[in-house]
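Please construct the entire structure, taking both the sequences and the accompanying hints into account.
Listed below are the residues making up each chain.
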Amino acid sequence: EAGVAQSPRYKIIEKRQSVAFWCNPISGHATLYWYQQILGQGPKLLIQFQNNGVVDDSQLPKDRFSAERLKGVDSTLKIQPAKLEDSAVYLCASSLDRPPNTIYFGEGSWLTVV
Amino acid sequence: SQQGEEDPQALSIQEGENATMNCSYKTSINNLQWYRQNSGRGLVHLILIRSNEREKHSGRLRVTLDTSKKSSSLLITASRAADTASYFCATDTGQLTFGSGTQLTVLP
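Residue numbers (our numbering), protein chains in the order written: chain A, -16 to 97; chain B, 4 to 111.
Incorrect hints may have been included.
Each computed BS3-like pair below joins lysine-lysine, with the alpha-carbon atoms no more than 30 Å apart [unchecked claim]: (1) K59/B to K27/A; (2) K27/A to K29/B; (3) K(-6)/A to K27/A; (4) K45/A to K72/B; (5) K45/A to K29/B; (6) K45/A to K27/A; (7) K66/A to K(-2)/A; (8) K59/B to K66/A; (9) K27/A to K61/A.
FYI, nobody ran anything at the bench for these hints, they're computed from the structure.
These numbers were taken from a predicted model, which means no experiment stands behind them.
In structure tokens:
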């Protein structure tokens, strides 16, 4: 079974530029998550989708971050304009739509803002 | 804010020794999970313990949960160099919240 796919793996941009990350979850997983992991810290939830609806986006900086999940499958996370403090790994994850809530992670997209 | 906090932040042991990591949390949980993250990779689920369970085993892993103390521990027995990674606890309160992790180094 294929895992969670993410791209690009690495991205370097200048501050105030924009960037987009793509995620394809495990087939059949209704719930999709985007986490931000700053170096040396644990992952922090940015947004959680259930099918194509948003369940929780309370920690998403909505002035610069946006995310969508079209047709309840793939998802994109966009940052515009980027700030230096956005340098982090952006992890996409998915889970089946039932407890227990075990999450399967992708390899992450590493963003460096210079 | 992060619900779970791991202790210690870093741990270095010799191959063959046991490694114990602790996690404390603040609110009631549905379950608690442990994940491993190798350098530069995504997180991998290791084990889940439900709030009504006290101990669980999986291979060389042993997890305990004390809901009265709001704490959990992860024991890795007979450690190997390949166990070198960061270990995170995650508390499920309807949403998974991760701690800041323990960096484990197993020296050959």
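Enumerated hints in conflict with the structure, sorted upward: 4, 8
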